[in-house]
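Undergrad: Read top to bottom, the protein sequences are chains A and B.
Residues 1 to 451 in UniProt numbering are what the first sequence lists, from first letter to last.
Residues 1 to 831 in UniProt numbering are what the second sequence lists, from first letter to last.
These are computed hints drawn from the structure, not numbers from a lab.
None of these values were measured; they are calculated from a predicted model.
Where a beta carbon is used, it is the ideal one built from N, C-alpha and C, also for glycine.
Among the hints, erroneous ones may be present.
[As the list claims (entries may be wrong)] Which residues of chain B face chain A? A partial, calculated answer using Cβ under 7 angstroms:
1. 134
2. 137
3. 529
4. 575
5. 578
6. 581
7. 614
[What the hints assert, rightly or not] Heads up, incomplete: computed chain A residues facing chain B, CB under 10 angstroms, no partners named:
8. 93
9. 143
10. 178
11. 201
[Claimed, not checked] Result set (BS3-like, lysine-lysine): computed pairs, CA atoms no more than 27 angstroms apart in a straight line:
12. B/64 to B/33
13. B/63 to A/212
14. A/272 to B/41
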Amino acid sequence: METEVVIASSPTDVGISCWDLHTGEEHLRYKSCASPSHGLTSVAGRFLASSQIRESKSSSSSGSIQYWSWSKPQVEVRSFPAEPIKPVVSNSQGTYIAGGGVSGDIYFWEVATGKLLKKWHAHYRAVSCLVFNDDESLLISGAEDGSVRVWSLFLIFDDARREEMKHLFEYSFHEHSLRVTDVKTGYGGSNAIIVSASEDRTCKVWSLSKGKILRNVVFPSIIDAISLDPGEHVFYAGGRDGKIYIAGLNSPVTSNSNYGLHIIGALSEHSKGVTCLASSADGFLLVSGSEDGMIRVWDTRTRNIIRVFRHTKGPVSNVLVIRQPKRTSSTSLAPAVRRHGLPLPPPLEKFANNPDENAYVKVLIGPQTLPNQLLDSPYISVQTMEAQIKELQQQGSSAAAEVDVERLKSEQVRSVQMIQQWKKMYENLHQFCVSELLEGSHTESASGQNL
Amino acid sequence: MVKPKSQSKKSQKRGVDFKKIRRKIGRKLPPPKNATNTEIKSKAIVLPEQSIASEKAGLAVSKKGLTLKELLQQTSHHNIKVRKDALLGIRDILLKHPAELKLHKLAIIEKLRERIGDDDKLVRETLYQLFKSVIFPGCTKDNQGPLVSLMMAYIFSAMTHLAIDVRLMAFKFFDLVVQFHPPSFSLYAEKILQNYEDMLRKNKFLEDTSKLKNTLAGLIRCLSLLPSNEKEDHSAVKNDIPTHDILHAFEPEVAREPIGLTDISKKLKDLLPILVSCFQDFMPLVNSTPQPDLQSCDCMQFILQSIDLIVGFLVSGICGSEPGPQALPPCQKRDITAYDQFLSPMLLKKLWDVFPLNLVHLSGKDEDRIFMLNTVTAKIFLQLRNWVCSSSALLEKFLEFVESSLSTKIQSGKVFHEKHLLPLIPYIPKLAMQISSDWRSRILQAFTEVFKNSSPDSSMKLACLSAIEEMLAPERSWLYLHPSDPSLLDYQIAWMQDLPLLLILLDDKNPLCSKAVLRLLLCVGQATPVHSPFSQEFDTLQYSFGGFFSKQNENGICYGPFVRLAADIQELAICCLYYFSFMDSQFLQSLISCCLCDDLKPYMVLRILEVLHSAFRAGHIQFADYTSFLVTLLSRFHVYPVNICPAVKDDGKSNQRTFKYVTSIVCSFLSQIGDDSLVFQMLEEMIVDQICGETLMDNKCALLRLLITLDSRPTRLTAQSIVKISHVLAQYLTDIVSNVRQGDHEEKRRRYYLLPSFYLFSCSVLLHMYKDVKIRQILLTCNIEIGSLLQNLLNLLSSEGTNLTLEERHKIQTAYDQLRAITNNDAVGCP
């Protein structure tokens with residue numbers, strides 16, 4: 001049984017709050033977190049990661065990324081990237097974390113080892129938001145220079161093709177004139193739509209398959225957050241004027257709306273600007289964080305507030321809805337795990353390693369989301385595996401040939417046995433048929449005689 | 001010409017037919033006296049030509065009384081004159097009875113098409129006119145495909161006619177068809193091109209250059225229909241913002257004509273050498289006579305234009321099934337040679353050999369003409385992809401031409417030159433990228449001169465701007481990949497520095513150009529990396545950019561063009577503000593005086609505030625500058641009906657609502673900055689000073705509101721500022737009472753003004769006021785006003801529409817009580 005929890009953080013140092021979405025029960029509050037917008041993510045539900053930007057006078061590169069495990073309120077792992085990171089995002093399996101730096105670079109780490117796999121210059125100005133598409137092959141980034149770019153992870157790790165392409169991005173959209181505040185993707189892999197919001201008071205809908213703008217929606221206020229309806233009928237846009245606008249995606253153009261073209265309606269209760277939005281998995285609940293520190297849960301069908309959480313006095317910068325396995329019934333956990341929680345991965349590295357150093361790939365089995373499942377995979381050392389692979393690759397090697405002959409021999413024996421068996425069966429059947437026939441005629445003649 | 005003749009004939013006949021012959025046979029009885037005169041008199045009896053054969057009642061007839069059917073039959077009459085008359089008659093009928101055309105459209109065309117290849121020139125000409133002025137305009141709404149296909153067979157046969165005139169006419173007919181129904185070209189392109197090819201091959205027959213010219217004009221029209229223009233595609237993408245109603249719906253089926261583009265490109269390739277040789281045929285003429293005549297010059301120009309179109313089509317690679325050129329930058333095309341193999345270097349070599357056409361001692365006009373030919377040739381050359389591979393001597397020749405023509409343009413400054421240089425400008429970025437650095441600086445130098453010297457609202461400036469855009473905004477082009485060398489950077493900075501001045505020069509006369517400049521500026525702002533020398537250069541632009549908004553001169557404020565431009569351009573300009581990594585106070589000064597301009601729309605003021613707030617959040621404006629910007633805005637905002645008279649009930653002419661909104665926005669922005677108490681501490685003095693200064697009631701109200709937004713309970717106002725405020729507060733209150741009259745309508749507004757003062761009352765201002773003897777005296781003098789104020793206060797409390805919370809209500813109540821107690825004391829104390 002999974003529950004959905006709401007987690008929220010703010011740019012001032014008040015920690016991460018956590019509530020159960022459906023019951024409203026407050027969970028643990030994780031301490032010392034001051035995250036910028038889009039700077040909070042849950043790594044496959046295993047632990048929380050958040051980028052930190054603190055104005056400390058001591059060092060210029062004061063940014064860090066912190067991990068919290070679910071069971072402890074303290075920060076467990078701190079990593080210090082080369083520059084302050086604003087948005088962070090992790091893929092659904094929790095294998096990678098991508099972060100956008102203030103210089104416009106995007107960093108790509110492997111979570112389990114903490115290795116910086118790749119770093120590339122993505123934008124002219126700070127990256128403001130990052131998001132994976134639903135099949136996680138594309139990374140979409142928005143930046144303060146108003147551009148939205150689509151990166152294919154295949155291309156980024158394919159050196160040969162990259163050389164050929166001359167530029168890394170798949171698409172670069174320039175129609176926004178001011179900072180991009182949020183980007184969301186729909187379903188459908190590389191054929192999905194993406195929606196981006198910007199400080200130029202517009203939201204734009206793009207097609208990933210065609211690489212062009214599909215729709216431009218002008219709002220009466222700056223939009224800081226968007227959330228896409230799972231059915232992609234509408235999207236919700238949280239404005240600085242405290243309203244959450246509902247803009248139609250699939251409806252025909254409505255010109256009779258009070259707010260403007262494509263805008264169907266608005267949810268309004270906030271006194272201050274909406275800073276972040278998230279929706280539950282079924283899409284019926286919409287969670288919004290606001291400048292005034294409140295988190296409101298809306299029912300999108302009735303358009304009413306059904307719950308209000310109070311996070312802090314200051315603004316809320318991030319709201320996430322994540323699915324979490326119920327941890328209360330943790331009797332099956334091993335005692336050590338129960339005491340310490342699952343061990344968290346090492347901190348993220350600052351610089352990319354030399355490629356030569358990865359001669360022997362470490363084999364890692366990532367911690368699993370369900371801890372009561374036993375790890376029963378057989379262990380083979382990397383060296384043996386590589387040797388075997390090499391052997392298999394070399395078709396002509398004697399060992400491989402021997403194995404082949406061995407296999408063929410056993411097969412032959414088996415088939416000979418098989419033939420024998422079939423023969424025997426045939427014989428039996430024949431016997432049976434003949435006897436049956438003879439018997440039949442016998443009885444017939446017998447009956448004839450009787451008559 | 002024709003009509004009067006026939007009329008005269010008729011009149012003669014009539015004279016013969018109806019001649020009265022007098023005969024004297026015998027005497028008649030005199031008529032009885034009561035007889036009725038049955039004679040009918042008329043001045044004339046007109047009988048149209050009669051036809052015994054048919055009954056034409058109810059049928060449409062021409063002037064001569066012939067029906068359409070008869071006329072159609074007559075079109076194939078052996079007599080030329082009858083044929084022509086028949087055509088004219090048809091024209092009559094169709095003009096008089098447009099319905100006939102609709103009904104018998106196909107029949108008419110079926111019959112008339114036979115005349116396309118008519119031997120007589122006059123008949124063809126009449127037919128041409130008939131089609132041009134009557135039939136095609138009448139059929140625009142119908143399905144044109146069948147009509148065209150009916151005609152095409154005959155047009156083709158006429159194109160292969162022996163007589164050259166007939167052929168020429170056939171091309172003219174085809175030209176007409178294409179004008180009428182453009183897709184028809186792509187359907188018949190292959191055949192048509194073949195015919196043109198045959199025609200031009202025999203150009204020896206065409207001694208008459210005017211005929212050649214006509215043919216070529218038709219060819220150019222056809223060729224311009226080829227889907228080759230990259231720029232058109234580009235702009236189409238930009239303009240083509242969401243037209244679909246439903247996002248996830250299937251795309252509407254695009255009716256796309258099946259075009260065998262590969263076949264066309266083969267034909268075009270065949271056509272090319274013929275055109276080139278055709279051009280060469282003119283060479284001896286040009287070289288021999290010092291003064292080439294106008295006709296042949298035009299012909300040469302047309303030939304070059306068609307070559308240009310063909311090369312453009314072949315190079316753009318649309319003929320292949322590759323994705324459109326805008327999807328991939330040019331350098332990314334993998335097989336450059338694949339397209340250029342259509343154009344073997346030998347093909348156009350003859351053309352390059354004669355370039356540049358250089359004639360000695362020419363008069364001005366001829367020089368221009370030759371120059372024009374040269375520019376077109378240069379354009380053809382630059383269009384080719386593989387010109388880099390061509391020999392260096394050839395390349396030099398062209399580069400020299402480009403440079404010299406750009407610089408002669410500056411010297412002469414002729415409109416003519418400018419017009420013909422225009423097509424060369426888009427190739428400058430490509431040139432600058434691919435040639436050696438020596439040549440690059442020369443070309444760029446010439447280009448920069450052209451850019452600086454062209455008049456601000458010319459199309460040259462626009463072309464230059466788009467070229468600069470390509471060279472400045474790196475990721476849209478290929479420069480991104482190459483480490484741009486320092487010389488290029490210098491030029492880029494030089495161009496950029498010119499932009500704000502250009503904006504001011506343009507004023508509001510040429511919004512298109514202003515928009516282009518601003519878009520370029522925005523684009524540059526977006527693309528400048530932070531902390532680079534380039535971004536520093538960009539920041540220095542603001543000193544000249546300030547003049548675009550407003551300028552302070554000795555006799556007041558002079559508003560820049562910004563205030564007068566359209567909203568979308570203003571929006572662009574405001575967006576540019578965000579990208580200055582630092583905004584100095586002087587620039588903010590010019591911005592604020594622009595904001596205070598009455599002509600500026602309230603929406604734009606809000607947008608400026610929003611963008612500045614984002615810029616402040618991003619650290620582009622210093623705290624002190626930003627806050628003083630906001631406070632200045634509030635204290636100097638000009639609210640125009642100063643005294644609200646009850647007569648003006650609608651807010652039509654007042655901007656009070658705007659000001660209220662601005663106030664609330666400023667309050668919310670300031671409260672978002674950070675810790676309220678800290679902000680309050682820093683701003684207190686400034687705001688209090690402004691309140692005490694010479695400000696109007698509305699502005700005072702706004703500032704008080706601001707103070708209260710930032711303040712907390714209990715107040716953190718220092719005693720000093722409380723005293724200061726209390727000096728003005730009394731005046732403020734009396735102002736409210738005297739300005740805002742009684743009445744239901746005014747209730748709301750009065751509450752708006754009073755509310756901040758109540759808050760202040762509740763926080764000890766009152767007591768301070770009371771303690772201060774001086775104030776007490778002032779208070780005493782305006783005792784009556786206070787009395788009415790108290791009355792208002794009571795009204796406010798009792799009014800049912802109040803949306804005050806209980807707490808607020810309570811506070812007001814206590815304030816009221818205190819106030820009353822004091823006034824009572826006063827009344828008692830001083831009799």
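Undergrad: Now tell me, hint by hint, if it's right for this structure.
TA: Do the hints match the structure? See the list:
no. : hint          : in the structure
1   : 134           : violated (41 angstroms)
2   : 137           : violated (35 angstroms)
3   : 529           : holds (5 angstroms)
4   : 575           : holds (4 angstroms)
5   : 578           : holds (6 angstroms)
6   : 581           : violated (10 angstroms)
7   : 614           : holds (5 angstroms)
8   : 93            : violated (28 angstroms)
9   : 143           : holds (9 angstroms)
10  : 178           : holds (5 angstroms)
11  : 201           : holds (8 angstroms)
12  : B/64 to B/33  : violated (46 angstroms)
13  : B/63 to A/212 : violated (60 angstroms)
14  : A/272 to B/41 : violated (97 angstroms)
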